[in-house]
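Student: Chains as they are written, first to last, in the working numbering: chain A, 1 to 145; chain B, 1001 to 1654.
Keep in mind the hints are simulated off the structure, nothing from the lab.
List time: in silico DSSO-like cross-link candidates among lysine-lysine, alpha-carbon distance up to 30 Å:
| hint | chain 1 | residue 1 | chain 2 | residue 2 |
| --- | --- | --- | --- | --- |
| 1 | A | K49 | B | K1569 |
| 2 | B | K1492 | B | K1523 |
| 3 | A | K49 | B | K1565 |
| 4 | A | K49 | B | K1523 |
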Amino acid sequence: MAQTSMSAPARPVVLFVDDERNILEGFRDAFRREPCEVITALSAADALKLLETRHIDVVVSDECMPKLSGSEFLAIVHERYPGVIRIMLTGEASLSAATRAINDGLYRFLSKPIEPDELRRVVHDALRIKSATEASVRARLAQGI
Amino acid sequence: MRRVFGVRLKLRGKLVLTFLAVGLVLTSINVWSTRWLQQRGEIVVAQHNETDRIADRLAAMATTTAEQGFGYVLSGKRAEKEACLAKLEKFDVVRRQLLAQSDIRDEEYAVLLGLGQSLQRAQVDARHMFEVYELHGHVDGPSFEAYEAAMDGLSDGVYQLSDDIRLRSTADNEAARKREGHALLAIALAAAVLGVALGTGIGIRVTRPLFRLRDAAIRVGEGDFNFTSEGRSDDELDELAQAFAEMAASIRRLLAVEADQKSRLANIFASLGETVLVCSPDGRITAANGAACMTLGYREDELVGNPLDTILGTARFAALLTRAERGASDGTSMNPGQDPQLLHKDGKQIAVSLSISLLRTAAGEAAGLICVARDLSEHRRLEAELRQAQKLEAIGRLASGIAHEINTTTQFVSDCIYFVRDATRDLLSLIEKYQAAQAGFSSGELTPDTLALLNAAEQEADLPYLVARLPMAIERALAGLSRITAIVRSMKVFAHPDQRQMEPVDLNQAVQSTLTVASNEYKYVAELETEFGELPQVTCHAGEINQAVLNLVINAAHAIADHAKHGEKGLIRVRTRRDGDSAVIAISDTGGGIPDSIQDRVFDPFFTTKEVGRGTGQGLSVARSVIVEKHRGQLSFESQRGQGTTFEIRLPLG
Chain A
1 MAQTSMSAPA RPVVLFVDDE RNILEGFRDA FRREPCEVIT ALSAADALKL
51 LETRHIDVVV SDECMPKLSG SEFLAIVHER YPGVIRIMLT GEASLSAATR
101 AINDGLYRFL SKPIEPDELR RVVHDALRIK SATEASVRAR LAQGI
Chain B
1001 MRRVFGVRLK LRGKLVLTFL AVGLVLTSIN VWSTRWLQQR GEIVVAQHNE
1051 TDRIADRLAA MATTTAEQGF GYVLSGKRAE KEACLAKLEK FDVVRRQLLA
1101 QSDIRDEEYA VLLGLGQSLQ RAQVDARHMF EVYELHGHVD GPSFEAYEAA
1151 MDGLSDGVYQ LSDDIRLRST ADNEAARKRE GHALLAIALA AAVLGVALGT
1201 GIGIRVTRPL FRLRDAAIRV GEGDFNFTSE GRSDDELDEL AQAFAEMAAS
1251 IRRLLAVEAD QKSRLANIFA SLGETVLVCS PDGRITAANG AACMTLGYRE
1301 DELVGNPLDT ILGTARFAAL LTRAERGASD GTSMNPGQDP QLLHKDGKQI
1351 AVSLSISLLR TAAGEAAGLI CVARDLSEHR RLEAELRQAQ KLEAIGRLAS
1401 GIAHEINTTT QFVSDCIYFV RDATRDLLSL IEKYQAAQAG FSSGELTPDT
1451 LALLNAAEQE ADLPYLVARL PMAIERALAG LSRITAIVRS MKVFAHPDQR
1501 QMEPVDLNQA VQSTLTVASN EYKYVAELET EFGELPQVTC HAGEINQAVL
1551 NLVINAAHAI ADHAKHGEKG LIRVRTRRDG DSAVIAISDT GGGIPDSIQD
1601 RVFDPFFTTK EVGRGTGQGL SVARSVIVEK HRGQLSFESQ RGQGTTFEIR
1651 LPLG
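Whole structure, please, built from the sequences with the hints as guidance.
Tutor: Structure representation (structure tokens):
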């Protein structure tokens, strides 16, 4: 576990998007000990509002949602916030949605139900890649300067 | 006979010429024979006249002789006596003349001979009388009487002869007339024979082509149309023969065309896949095609001639005829009633769709009935298969939705349980620490460090979070489990195992179950509003009604998805109510409505406006089949462009 980052002032932020509140509550409980901040949104529209207002590192989204679907939402995220790592977590996705999501550079495509350990590991890996990427970018920028 | 003096003659000309010739011949025969008869008649008359004249002269001589002789006696003149004798002499001369006549007959001849004797006696008696007179100066009685007797005999003979000759003359005349008559008769006969011979000859020549025509006509009547004109002359008969030959050729061609058509029609009739039976007006089958024999299990000769009623299961011929006649007035064929049935030879009933129409003659008179029946067994079987396939399609579609629903619920239920497990572990380790503290408290080893240790342990366990969240997690888990239970129960109600018999069903519960299992189909595009009215139990096949409702709900969801602006939800309203003897289920959507142009096709099997993978065009077709055909209900819709559509299912109660 990344014990060191726990005390860091800026904890990475993970956004869970699902139209089922019970799911979001479950994830909150599952990530209560993780070294990251968990925020949730009940719809893609709410999630986009959150993305506008604050920094988010990883987005985990359901596919089947009213109005904007998960794959549509993640496509927008990819376009507007290319640095955000995107994970799809769906109960039953159509092949076309999965194909589109993967073609858009999705990090992981996960199926419900998923065990909390597995989900935590995936999110943890995503965060490590994110920080490593950002570190190398910073290093390159530093070398460039 | 073709040309006379180089002139081409028509039949009329030939006949005129022929009759002219016959007339001329007969006229000349007549003229000639008349003349001949006239000549003969004159000769005979002349001969008779001569004989008569001699006889008359004889008679006159006899009279005057007798008178002169008598006068002499009275007057005593000598001269008169001489004259009397001379007359007698002369008389004899005339008599001999008469004897010399060629046509004198035997009896006349005898009379003339007798007359000669009478004359001789008269001469003797006259001389004697004269001698007596001269001797005695008077006539004595006996000599006068002898003279008178001799004169009388002479006179009688003369008159007899005269009469005979006159009679004979008359008889001769009559014989001559008779002969003349015979001759005329013979001439007439000869003329008639000549006329007949001429007429026959000409008649045979004229009628020979007519006979040929007659024979040809008989052959044509017997069906042999191989007649050709020989064309030997150019008259009317020849034209007639040519016309007749053309007519025969035309008939031959027409017959060939007709035979061809007949054969084509027979082929078409035989190859029709549908059962076709043709009936006479009294209800007997007059024709049946191969499909009819196949469907009904009879041979053709077993069907033809038998009453149609023997193979009619439900309807009767008389009723069909009446319907057809009624239908014929507007020129349409009739479909008599629902589900007519035919009877197979082995007694099995065959469901058919029956179309009947009147058979008409060319003149438009009714000549029977045409029944066209389509065997619906295969149709019914395919319908059942289609329903089954559509049910599988629906279940497949639902399965993915239900899987999603169960997966989602399982996700948070398992999250909760994992949370409870972890929290329990934390709480148990905290309790261990409390128990250790409690033991220390008992042994009096409790130090302020112990309290700090417990505080740290509580923090480690995140106790306030657990206190706040554990009950919620357990509630969520229970809610999730009951949701899964509800879904599974609804699935069971929805999928209602196929029963053979209809059963009383709580329609509201059935509809609710359907909406539950189908929720994944609409919940992302529409809100659901339900309004369940009071309904008695409805006897039906619940599984099939559910399938129909599901199809309508899925259509409603699709209609809304197609119409709603992106990111907006529509409304599906499901209401049930009782309307008199019917239970009504109404399913409304706020979609775009059904375009007028396709409203009459939406119930057609495989008609769809949806892209591949979203629908196969069987939903409404199956819904209608289930509701209308299996439940004798009604399925109707009202649609307004841009406003939405309401489908209404009506099921009969009881």
